Amino acid sequence: MNINTSLTSNCKVRVLLVPVSPIKRTTFSKYVELVKTFEVVRLGDVTPDLKKGASAMFTSQAFQEGQMHFEFLDHYSREHQELEEFQPYRRIFGIIGIMDCQEWEKKGLKEGHHQFVRSLDHYPSSVVTRCFAFEPSETQEDDTKGLIMMPNVGNMSFYMSTMMCDFASEILELFSVLATSIQSTGVIESPLALNTPIKNRAQQRLSQPPLATPSRTSYISSKRASLPMPSTRVSEEENRSRKRTPGRIQKLLGDFYLLAGRLPDAIHYYDQAIESNKTMSDFLWLTSAMEGWLCATFLLDHLQIDIGHIVSRMVIPSQPSYTSPEQVELPPTPTTPKAPRSMLDLLIEQYSLIHTYYSRVTLTASFPAPDIVFAESCLRIARVLTTAYLNGGWNDTTVQCIMQGELSQGKIKGVQKQSGIKQCQIGDWVTKIWKIRMDQLSLLDQISLLNGMSLIYSCIGYHRKAAWTRHQSVKSMLPLIVQHRRSNLSKDKPSDQGVLDMLKQVCEIYGVGEKSIRLADQGPSKSHDLFGWPALQIEVLKQCISISEALIDNNLRLYYTNVLLRSLYQYIPKAEQIKLATTIQSIIVHSNRDKQAMSSSMNYWGVNLVSSIELKKLISRKAVYAHSAKQEPVKEDKEVSDDPFIYNPFAKKQVVHQKAVLVKNELSEFQVSLLNPFGFDLELQNIVLSTSGVEFEAVPTGTTIPANATSQIQLMGTPKEAGVLIIRGCLIRIIGFAEQEFTVDSKSTKPIDRQTKLKSSGLKTLDLQKDKEQVNASEEEQFVTMDVIDDQPLLKIKRSSLLHGAIMLFEGEVAHMTMDLENIGTIPIDFIALSFVDSTTSNPILINPELLPEEKYEIELYTKDTRVFSCADLIDRRYNQLNGRKIWLPPGEITTIKVNIYGKKDCHHGTIQVDYGFLERSSETVLSLFYTRQLYYNVLVTVYQNLECSSWDVAHLRHSLPPSKDSLVPTGNHPLSSIEDLLMMTRNVEMENQDFCLVTLDVQNTWSTLFDVEFMIYNDDPSKDNGQVIFHLPVQPGSTARAILPIKRLFLPLDVCQQTIPSLDVNRQFVVSQGPKLSKEQQQARLQIFWYREELLSRIKASWRCRVSQRTGDLNLRPSLRFSQTQLAIFKKEDIEFSVDMKGQSVTKLSGRRFICECNDPTIMTITVKNRFPYPIKVILRLQPVQSYNDGAKEYDLSEKLLVEGIEQVVLPEIPAIHGQVAHSFPLYFLSRGQFELLYHAEDVYKRKIYYDHEWVIVDTIDSTI
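Residue numbers (my numbering): -19 to 1246.
Misleading hints may appear alongside valid ones.
The calculated DSBU-like cross-link candidates involving lysine-lysine, where the alpha carbons are at most 35 Å apart (straight line), are [said to hold, decoys possible]: (1) LYS90 / LYS125; (2) LYS1158 / LYS1060; (3) LYS87 / LYS4; (4) LYS596 / LYS776; (5) LYS412 / LYS402; (6) LYS1113 / LYS1123; (7) LYS1112 / LYS836; (8) LYS1229 / LYS1129; (9) LYS4 / LYS86; (10) LYS1028 / LYS1129; (11) LYS16 / LYS4; (12) LYS866 / LYS878; (13) LYS776 / LYS639; (14) LYS639 / LYS596.
Rather than coming from a laboratory, the hints here were simulated on the basis of the structure. For clarity, every value in this text was computed on a predicted model and none was experimentally measured.
Hey, can you work out the whole structure from these sequences and the hints?
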């Protein structure tokens, strides 16, 4: 397989290294490497020709700076012997035999040399031979002519160098003989194409070296004679060849001078050959001369870089241009001075022209250009461009790599963007190779070309094309592999490694390699990393199976059959799936029978049959709940977010996974999902959970998974000790196969983030996989872990006081129920806690965000603050969020719990939750968590409304006649039975500072039984029992009774009235109102109404009692109480308050604003103005007396009936803030009897706001008693 793809291959002299048996392979390889160190020999060091001297044709003294390049081969094949006269560098010019003297100690070295000479009969005769005998012993004499002893003493490298210089001298003498023979040749024929039909070609075995052949001329003549061609056509071809022979001789002389290292002479002869062949339109020889000229030019340029300027003869020619297809402008002769250019540009331009000439060969010749020559030319320039591409352009490194025949120094990197060479430019040169008839080449040539193309494609990043060429190369290898195995000529296993590596590379690029299969085995989370074309993948895998059969490798055949079945089963027909499964089974059986070692990690069923394993949720009374032992909630995986919304439907959802917990010695059930993606049923003979960690007793079972379906089964097991249990997966035994473990990675069950799931285009997926493998190299397979805790107690409700769990209540009524709890487990209970849920809290009323804040507060107060169930006996111990009590309930014992039930409106049912556990265990370690179980008892609640409040109102207490002192009611806890009694208390003159108002309320009895309603009024501090007023009101069935309650008026400070309305729901989302925005005054007025209403409700408490059933309950006054501005003005004390007092000898005070006096008696009326504002105020006090008659008439002109000293409009001094007061006195003198009304008000000097008193002063004047 001598494919020449290097730019410098034209200058290399081929020398064959043959072993002289017996010799060990390692020893032969060692000496081969030693000889290869002398691949370059300087002409100045070559021994000159002593016979001819300087007149020798290829004397080494004419160009001492030159170098001879040797190519040492350790194998021989004359597949391209028809091209040896056309391109002399293809032939063998020397043979060196390598002998190990240690192996010839018993035999003579002369016999070994004779053996070497006899072996030369298999090789061409015109060669220079040497036989090197390495490491001779002292007893072995150097007495054999032609055998060169190489002792391992002294400077062996210098000795070898001397021998190689002598060898090179004989090679040059051989060149002279061959060149002289060529010059005397009359006709030189062009080589026939390799694919030219020849009768004996099909019978020749291309994979074996041919026997010795006759001379080259007779060989070509015999081939041409075998071709059917008319006689006239033959004569024309001979005449044409005779005319073209001079140019061809010049080209061959240039080749020999190039091989001899005489670069200037080679360029000279190449120039002449180019001109001659161009004139004769001999395009095949023209292209060969141009390639030789480029090689000589490159080497001469390299020598000038190394040793400086040599001669002035070398000038790089410019780009030849052609004017027409028939006449092409060739490169000028070296004597034409042109400006120097980049060698890379010159190579690209000249090779473009060369391939143009290759396409014209058939225009002037009877035979096309040999396909192998055209393909080598394409690969040659492609390798040059690839070398420059990988090394950052044309530089010293690139030149050095071309000289060494390498693409890059060190490891080949990825795409290079700084080289200035495009990938498509290199790919075009490689693609041109497909113009030849590849299938008509020999198998070895096909393999060599395809491998060379694949290498270049890989270097420039065309991985798919590289994989395809490797695929075709392996297809070409298959007949040779089969022949090699059947002939049984060799049993060396390492010879198959190269084919196996190619298969792995092809599979990896097509997405069915080891990395891709490993990602597929890791679960659904990695499935988006897979790629490839299924049809092509199937073809590649089938080829791999065929190669495995040819190599008789059961492990490899099993692996690729597995990959085909488990990765591409959805694209394979059912019959073929069954065939593949049967093949796997037969391979396993055959291997077990022959006791062959199969891979223990082989996953026969590559598809994971177990898709998920989940712990089945326990029933409610057996479920276990974790609590933190410290005073903090159990930690949850929640991230701190800056989202202002409590619930944002557009935000990324966070799923909080609660860790599963198992209980020691209790049976646990698992839900296992099984998947069968194949086209046939899978019969599972045995399936059991695969666990590690604590001891676990699993229960086996069996099932059948239908074809292309999923199935769910329940697997059970019991943990035998506390600790950590790891659920690895399932151990499954399919009928006919060994038991196999199918693991389930916990990471594969996590949902895929759609935002990060990006599809990579093309083979960029390979680079992404490499990065992921580096990131995930440290990640290990994660399994589901579960904590197994100690034994837990078990409780049940034995009985309750409710019949069928139902109760009927009146609204506001409180009833009691009892529950008997029995410990039916084996563990005692030392802690019990109760919690409650009712229908109003579990399904709360939806709050419209457009509602007013006070309305929202009422709904939240009803929903969250009004509890239906309560139990005050279980709050003597607290564990984190659980309020309960410490008890001791051994197994089999019973305890009783009492629960209160409140009749809440619209409540239909509720649940009593009992948390219990065994906390005080005799454990030395302090646990951070404790576990409880829960027991639930559902209660059906029916609530009836018996009393309904309505018609709430607030009224002033105005002028009334004074009661007798005997009928006054003292202050205290004395029940009032009539409205008159209530009013008597408010008319007590001694209680002048007690400013009261009346609250009226209608109570309707909607039930069929009499109810007694009791009101308790707290006119002082509601938290104290003193100052209570109790009022009883019986309400008949179906009737309505009105309650009139005296309530003391009050004034709340400004800071209290400006507080925001509280919210009982801490998680309520703030929503900007869409309604009209309220002004600041309106907002303050609403807050004022809200806080005064709350204060009023705290001062009035109402309860009821049924006389028939003796039931009692609370009467809810909140729904009926709605404050208005008018009612607020009555209930609230004024900001500017007036108090009036009259002094005189005959003045008697009847009530707060009513007096009696005698006529003609001087009196003084003092009006005190009190300021409750938080700022001082200055007002004008105005007085207007009016006389009122019985018929309702009023008289304002009282100049003859009443005398007022001073003016009736007075500017008062500034009144201090917060309870500051100023008094002003008006002297009055009543001249006539009657009823006088003294009207007054105050006006703010600055704000012009007028403040009135809620009633005016009435003075009854009578005649004087004197």
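Do the hints match the structure? See the list:
1. LYS90 / LYS125: Distance of about 8 Å is within 35 Å: holds.
2. LYS1158 / LYS1060: holds, 24 Å
3. LYS87 / LYS4: holds, 16 Å
4. LYS596 / LYS776: holds, 22 Å
5. LYS412 / LYS402: With a Cα-Cα distance of about 16 Å, the restraint between LYS412 and LYS402 holds, given a limit of 35 Å.
6. LYS1113 / LYS1123: Between LYS1113 and LYS1123 the Cα gap is close to 25 Å, so the pair holds against 35 Å.
7. LYS1112 / LYS836: holds, 24 Å
8. LYS1229 / LYS1129: It holds: about 31 Å lies between the C-alpha atoms, which stays within 35 Å.
9. LYS4 / LYS86: The hint holds at about 16 Å.
10. LYS1028 / LYS1129: holds, 21 Å
11. LYS16 / LYS4: holds, 18 Å
12. LYS866 / LYS878: Cα-Cα ~15 Å, so holds.
13. LYS776 / LYS639: holds, 26 Å
14. LYS639 / LYS596: holds, 13 Å
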